[in-house]
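Sequences listed follow chains B and U, in order.
Numbering of the first sequence is given in our numbering, commencing with residue 1 and proceeding in unit increments.
Numbering of the second sequence is given in our numbering, commencing with residue 1 and proceeding in unit increments.
Keep in mind that the hints were calculated from the coordinates and are not lab data.
None of the hints are false.
Facing chain U, according to a computed beta carbon distance under 7 angstroms, are these residues of chain B, among others:
hint	residue
1	Pro-174
2	Phe-179
3	Lys-226
Positions of the beta carbon are idealized from the N, C-alpha and C atoms, including for glycine.
Listed below are the residues making up each chain.
Number of protein chains: 2
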Amino acid sequence: MPESNPTYTPETQGPYDLISIGRLELEEGGVIEDCQLAVATAGTLNDARDNAILIPTFYSGTHHTWFESYIGPDHALDPTRYFIISVNQIGNGLSTSPNNVDDPAITGPRFPRIRIGDDVIAQERLIREHFGIEKLALVVGGSMGAQQVWEWAVRFPDTVLRAAPIAGTAQNTPHDFLFTQTLIDAITSDPGFAGGEYASHTDVADGLRRHARILGTMGFSTEFFKTRFHAAMGMETLQDFLDGFLEPYCTALDPNSLLTMAWKWQRGDVARNADGDLAAALGRVTADLVAMPISEDMFFPVRDVAADAALVPGAQVRVIDDIVGHMALFAVNPTFMPQIDHALRELLAR
Amino acid sequence: MPESNPTYTPETQGPYDLISIGRLELEEGGVIEDCQLAVATAGTLNDARDNAILIPTFYSGTHHTWFESYIGPDHALDPTRYFIISVNQIGNGLSTSPNNVDDPAITGPRFPRIRIGDDVIAQERLIREHFGIEKLALVVGGSMGAQQVWEWAVRFPDTVLRAAPIAGTAQNTPHDFLFTQTLIDAITSDPGFAGGEYASHTDVADGLRRHARILGTMGFSTEFFKTRFHAAMGMETLQDFLDGFLEPYCTALDPNSLLTMAWKWQRGDVARNADGDLAAALGRVTADLVAMPISEDMFFPVRDVAADAALVPGAQVRVIDDIVGHMALFAVNPTFMPQIDHALRELLAR
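Using the sequences plus the hints, can you model the full thing?
Put into structure tokens, the structure is as follows:
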């Protein structure tokens, strides 16, 4: 196991609890003997136990972004009304991950393959067994979080009353698979990666910087760069933006953790629940579902999200207009959260 | 100099002549003492010397694609009517390039920085001094070829009667700069690259394969992959497409040559001719100019091309509809060339 990484601490990410859901058998055949989920909550579960909202997390991220930008009394995700549970995805560095398991059989590069379905199974066990929740008022998440939202809605239609996948598809596209492969390539090609046996994530800094630049190319829109939107974020030039945000963000992360998530991202596909029949899988959804693609998203373009939503009975598509592109999810544009809040309030009011 | 690479031969690329334009002083301060341009022609210059068409080449490519798909009696670029001159860009492996110069001062990684303006200066000298041509009926090119077309129209308005930049901008965007950086990163990060002192391009095969996958992510549209358009090209799966086309295409190329072109591509900018004032530079264009962005292009999106064209007096924008994306330039879609031919015939008839 590499040396401890300060990214994956409550000091950096804000408070969370580690909650064991016990032994988790994985879709790919591996097993996590003691699966710990890093869970952050806000608000209180009401007596009727019907005000719970679940938020899975995205690639490279944690619950932190949600608590920083999405959750609060001024937002739709209002802890004075709802019991909000953000569950970090397996492998993200906080929940059981290559960088934090002691078991030598699954640490570092020996961490097992995790699928979106494994996360959803783990989360369902958590909310039912740990919190005693049978119904979720809403499941909402962005990007890989959205992949988990789609999976939730397909697997547990009786549990999920409302679903809001933001900037993510139910079935990952082959283009997105290839893109994610380039992120993987950037990390694994660094000699410092050493097949995952690096002593510190800083040994992989070169690869993580390349990963940052590739993430930037697809994560932010052409118009974001052309209009120098980053200047409004305090970074005047493209180089300032790389030096001041993208590269420090990525070089702080654990390479094996990113690879665990990237492999999972590539293979997100609810059709696995219906022998490969996407329409059949999405046809099972009974949640009131509003898909929210981002207008300039190059990871999960609007038309790909809309195509998946069209297979869900009664689903709506609400395009979030944002020049930033996929990384609008970081809520850097002041016009982003008002659109999200408006859409979620409408959904929650139904 | 690395061992000879069979990619850069008439056997692979079709016939061409090496024509010296003498000493070329470069914008960045370097010099090529004996600059040789690899030139392929079709047709005959008429007595009035007014039927010449010039075609510069794109990144990674040569004149070959043009002769294979764009030039012929059934095409607008008809050698029975026009004298067609395709000039390989400096550094592309056929014209003077890092992989083919004997001069130890500029071979391999010591090859000087080349700009789009250097190519255009060299080409203008070629057509005037070698061919005795004062007017060009048309300058047409795709991608980096389009960058050269824009530069031609700005620098030599008296020479260029018609201009057709296909899938390229007059001023490279910061997004495209960053994207190209990821291509550069993929090559230079390969330990086999050895700072450009590799013994054979095959030593850099890993980096070139990563380069291929990144090129594929942005070069082909999300819809290209989603609809499995590659199956119509004889490659059933994404992996077949990588193994059968993208990776062999890129691993055959010379790394230093690609880096020379990539650096040039990143900095294509006609505004350099007017102290950074893009509108002033494009305002000088007198050619009948039809910009032809490709509908699904992620390198040079339609809106970026259209924004540049809007600054050219009387220019038109004609969107080429193609699901393939930027790499539609390889004319793999049977609906591509009819659109190009139609647009070029209309332009040439004016």
